[in-house]
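Enquirer: Sequence:
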Amino acid sequence: MFKKDPCLTMSTSPHSPHSIVIALIRASTKILDVGCNTGFVGKALRKKKVVADGIDINEKALKIAARYYQSTFIRDLYLHKLSIPKRTYDYILFIDILEHLPRPDLLLQDAKKYLAKKGTIIISMPNIARLEIRLNLLLGKFAYTDAGIISEDHLRFFTRESAIQMIGACGFEVEKTIPTGLGHMLKLFDTLTAFQFIYVCRLK
Numbered sequence: 034m035f036k037k038d039p040c041l042t043m044s045t046s047p048h049s050p051h052s053i054v055i056a057l058i059r060a061s062t063k064i065l066d067v068g069c070n071t072g073f074v075g076k077a078l079r080k081k082k083v084v085a086d087g088i089d090i091n092e093k094a095l096k097i098a099a100r101y102y103q104s105t106f107i108r109d110l111y112l113h114k115l116s117i118p119k120r121t122y123d124y125i126l127f128i129d130i131l132e133h134l135p136r137p138d139l140l141l142q143d144a145k146k147y148l149a150k151k152g153t154i155i156i157s158m159p160n161i162a163r164l165e166i167r168l169n170l171l172l173g174k175f176a177y178t179d180a181g182i183i184s185e186d187h188l189r190f191f192t193r194e195s196a197i198q199m200i201g202a203c204g205f206e207v208e209k210t211i212p213t214g215l216g217h218m219l220k221l222f223d224t225l226t227a228f229q230f231i232y233v234c235r236l237k
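So for the sequence shown, the numbering used here puts the first residue at 34; every next one is plus one.
Be careful, since some hints might not be right.
Straight line, CA to CA, 30 Å or less: simulated BS3-like cross-link-like pairs of lysine-lysine [what the hints assert, rightly or not]:
#: 1; residue 1: K82; residue 2: K146
#: 2; residue 1: K96; residue 2: K80
#: 3; residue 1: K237; residue 2: K63
Between beta-carbon pairs, the in silico distance windows are [as the list claims (entries may be wrong)]:
#: 4; residue 1: L236; residue 2: T192; range: 38 to 44 Å
#: 5; residue 1: A99; residue 2: L139; range: 25 to 31 Å
#: 6; residue 1: L172; residue 2: R79; range: 21 to 27 Å
#: 7; residue 1: R235; residue 2: I117; range: 16 to 22 Å
#: 8; residue 1: L236; residue 2: L172; range: 40 to 46 Å
#: 9; residue 1: L188; residue 2: S52; range: 22 to 28 Å
#: 10; residue 1: T210; residue 2: K93; range: 30 to 36 Å
#: 11; residue 1: E206; residue 2: L172; range: 36 to 42 Å
#: 12; residue 1: I117; residue 2: K82; range: 27 to 33 Å
#: 13; residue 1: I117; residue 2: L172; range: 42 to 48 Å
#: 14; residue 1: S104; residue 2: G214; range: 31 to 37 Å
#: 15; residue 1: T224; residue 2: K93; range: 34 to 40 Å
No wet-lab data here; the hints were simulated from the structure. Remember, it's a predicted structure, so these values are computed and weren't measured experimentally. Where a beta carbon is used, it is the ideal one built from N, C-alpha and C, also for glycine.
Start from the sequences, fold in the hints, and give me the full structure.
Expert: Structure (structure tokens):
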């Protein structure tokens, strides 16, 4: 949905953020998937009998996603507003989206009016504090890449703590953080080893 505007596919790894988020969602709930691309999350959630809507700027991708969502909306998230019909959702998903925006806090604040009273916002964002990034900075290196934590499409970078701070300032409480990545040491040194963190949030 950003500069390269790709039609993406979801990793089938159980450690991918999409797979982890899908596992967190209860059956028979209402979902808003922000930045849904081709609808791979909506497709996977059909087994849980959820009612899902999707938002993306990529018209080509949304034509594919329409098979899996009740409604789809073409929206430019750089405007920091969802601008969809007034509905409430049990879950609003921002999977690998907020780091692409100049003011992700404004979009989170706008999302509050679409969240059910006891609803959950689930966010995944890359971990800029990963060890390899820290080591490169010590060596004076910070080279953007085509994909990954320091992708050239990323406008904002967060550590776990700075992400929690931003989310809290938007009126949400982070109930749980989940690191994603590889290696048996992940849980012990997650701020160093995690590729991303998933934040499970509710209204304060």
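Enquirer: Each of the hints needs a verdict: does it hold here or not?
Expert: Results for each hint:
1. With a C-alpha separation of about 24 Å, the suggested pair K82 and K146 falls inside the 30 Å cut-off, and the hint holds.
2. Proximity of K96 to K80 is assessed by CA-CA distance (about 21 Å); at most 30 Å being required, the pair is judged to hold.
3. Note on K237 and K63: the hinted pairing holds, with a Cα-Cα distance of about 20 Å set against a maximum of 30 Å.
4. The given range of 38 to 44 Å is broken by L236 and T192, whose C-beta atoms sit roughly 23 Å from each other.
5. Checked against the given bound of 25 to 31 Å, the beta carbons of A99 and L139, roughly 27 Å apart, stay inside it.
6. Range check, L172 to R79: about 47 Å between beta-carbon atoms, so the 21 to 27 Å window is missed.
7. At about 21 Å, the beta-carbon gap between R235 and I117 stays in the expected band of 16 to 22 Å.
8. Judged by the Cβ atoms, the range 40 to 46 Å given for L236 and L172 holds: they are separated by roughly 42 Å.
9. Distance hint check: the CB atoms of L188 and S52 are about 26 Å apart, consistent with the given range 22 to 28 Å.
10. Take T210 and K93: their Cβ atoms lie about 34 Å apart, and the range 30 to 36 Å holds.
11. Range check, E206 to L172: about 38 Å between beta-carbon atoms, so the 36 to 42 Å window is met.
12. A beta carbon spacing of about 22 Å between I117 and K82 contradicts the range 27 to 33 Å that was offered as a hint.
13. Between I117 and L172 the beta carbons are some 45 Å apart, a value that agrees with the proposed interval 42 to 48 Å.
14. Between S104 and G214 the CB atoms are about 34 Å apart, so this pair conforms to the stated range of 31 to 37 Å.
15. With their beta carbons about 37 Å apart, T224 and K93 fall inside the hinted range of 34 to 40 Å.
In summary, the structure is inconsistent with hints 4, 6, 12 from the numbered list given earlier, while agreeing with the others.
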